[in-house]
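Trainee: Single-letter residue listing:
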Amino acid sequence: MLIRHSSDVVPSEITSRRVFERRREFLQAAVGIGLSEVVYPLSSAIAAGKFPDTTKSSLSTLEKPTLFKDVTSYNNFYEFGTDKADPALHANTLKTRPWILSVEGLVKRPKAIAIDDLIKLAPLEERIYRMRCVEGWSMVIPWLGFPLATLLKSVEPLGAAKYVEFVSAADPKTMPGVNRGMIDWPYVEGLRLDEALHPLTILSVGLYGEPLPNQNGAPVRLVVPWKYGFKSGKSIVKIRLVEHEPKTAWMKAAPSEYGFYSNVNPEVDHPRWSQATERRIGEFFKRKTLAFNGYADKVARLYAGMDLKKFY
Amino acid sequence: MVWRLSCNPTRRQLAAIKIALFLLCLAPLLLLGWNAWNDALGANPIEAITRALGTWTLRLLLIILTISPLRKLTGRHWLLRLRRMLGLFVFFYAILHLTTYLWLDKFFDWQAIANDIFKRPFITIGMAAFALLVPLAATSSNAMMKRLGGKRWQQLHRTVYVIAIFGVAHYWWLVKLDVTSPLIYAALLTILLGVRLLWRYLERPQKWQEPSSIRCRSKTMAKQ
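One line per chain: the protein sequences are G and U, in this order. Following my numbering, the numbering of the first sequence begins with 1 at its first residue and continues without gaps. Following my numbering, the numbering of the second sequence begins with 1001 at its first residue and continues without gaps.
Everything labelled a hint here was simulated from the structure, so no lab data went into it. Only a predicted model underlies this, so the values are computations on that prediction, with no experimental measurement involved. Don't take each hint at face value.
Listed next, the in silico PhoX-like pairs over lysine-lysine satisfying Cα-Cα at most 20 Å (straight line) [claimed, not checked]:
{"id": "1", "chain 1": "G", "residue 1": "Lys-95", "chain 2": "G", "residue 2": "Lys-238"}
{"id": "2", "chain 1": "U", "residue 1": "Lys-1106", "chain 2": "G", "residue 2": "Lys-288"}
{"id": "3", "chain 1": "U", "residue 1": "Lys-1106", "chain 2": "G", "residue 2": "Lys-310"}
For reference, chain G alone in the conformation it holds in the complex (with noise of 0.2 Å):
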């Protein structure tokens, strides 16, 4: 006779708590906005559960999260669309597994590594940092990953290394916003190899407990928090160690709008707006915005004796 245990049940297919917890919110988004926008953030963190062992940074913020709804609702990610309500709608086509970031260029060990293996590079720690976008508004997200400089230091950067390229996923079959030409895909990021370097940023992995949603950038994505948000390349899938300057994308597609910086600067307009305020996503008023986002004690160092007008 066939006895079946009521614990049948595979623990990945158990509604984590927080999701459980949040199905009102679940249940009245879809009611407000259709089904299809939350189907994927929820059928994910089902799916996939959480990280065990994160660890928390002194470097997060103690200012309150941005909703996880927001967070996974409101964003820009060209390659599937630029309304900000298009990630969440058509990234459920994005392939995140398999995966392989590869770091090359001027290394010593240039190395591809497959996802799964990434996330154990490193302890996961969370990072709940502030996100300034180009555009005026802000987040706070709670993210997952560990330093850059973890993995750059483990490749041994050769000494004429002066910058880092990153290089996002393009695949014209599940990312249809690259067909739309607009943007020299695939997407390409910069930083100094200094900035890379610097103990704020991190691959994150991961957001609110949970791997990355496809709309904010999964597997695996770079986060820069004193620089404007898209200096913070989605769906890595190429490190470039590399001697000059890289050309990033958004300097190609409007190069009279956006510089190689990028540093979040309250001063330095973007030519058709202002800088000086930004509206926090969830808030009525305001705020005003801060030098490198907030962060500048520790990162203005990094730009002692340059001219942030000139190098926007």
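Here the structure of chain G is known, so what remains is to put chain U in place on it, guided by the hints.
Mentor: What follows is chain U alone, placed relative to chain G:
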């Protein structure tokens, strides 16, 4: 029945049409209010409200500009009698759009607003469009029409073409990179203004054909 109504409605039919149009013009605002009330405007509701109000200002402007060509094509002159209400709705949505900017975006920080007007072309041209709308709204009554006289009134109200161009430019200059949507508005506006120019050319008085200077001028203007 329907044909007769669309050909030449009676007074009562026209009144019914106007009421229906009034409610139709209010619908976007009611929908916006409903969505705001139900927290269905997404993560950045203030941006969503500002955008929607601006979009509807522009859409109504384009709808107004279709009336006169539509009348010409169909011979239904009564269509002209809907323009005043539509025009006032353009003004209404423009005021709401401007108010969201002044209040919810700038919180009446006049210094910041002045900076925007002088430094940012899309704000400059948006403000100019609004400023040009004010006299049109102010002279929309029958009494004002009489006071100005038909011809002068008509000349004044031709600034709606400039307003529409400014409105589309305002939209075009504010988008970050993807100009698909402003391009659609620009294309529609080009068609609406183009048919007017074309008709004007086709219906030009015969005597205009003789002096070469005028023809040259109109040609170069068309090129621009």
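Trainee: Hints first: check each against the structure and report whether it holds.
Mentor: Status of each hint after checking the structure:
{"no.": "1", "hint": "G/Lys-95 - G/Lys-238", "result": "holds, 16 Å"}
{"no.": "2", "hint": "U/Lys-1106 - G/Lys-288", "result": "holds, 12 Å"}
{"no.": "3", "hint": "U/Lys-1106 - G/Lys-310", "result": "violated, 27 Å"}
The structure fails to meet hint 3 from the earlier list, while all remaining hints are met.
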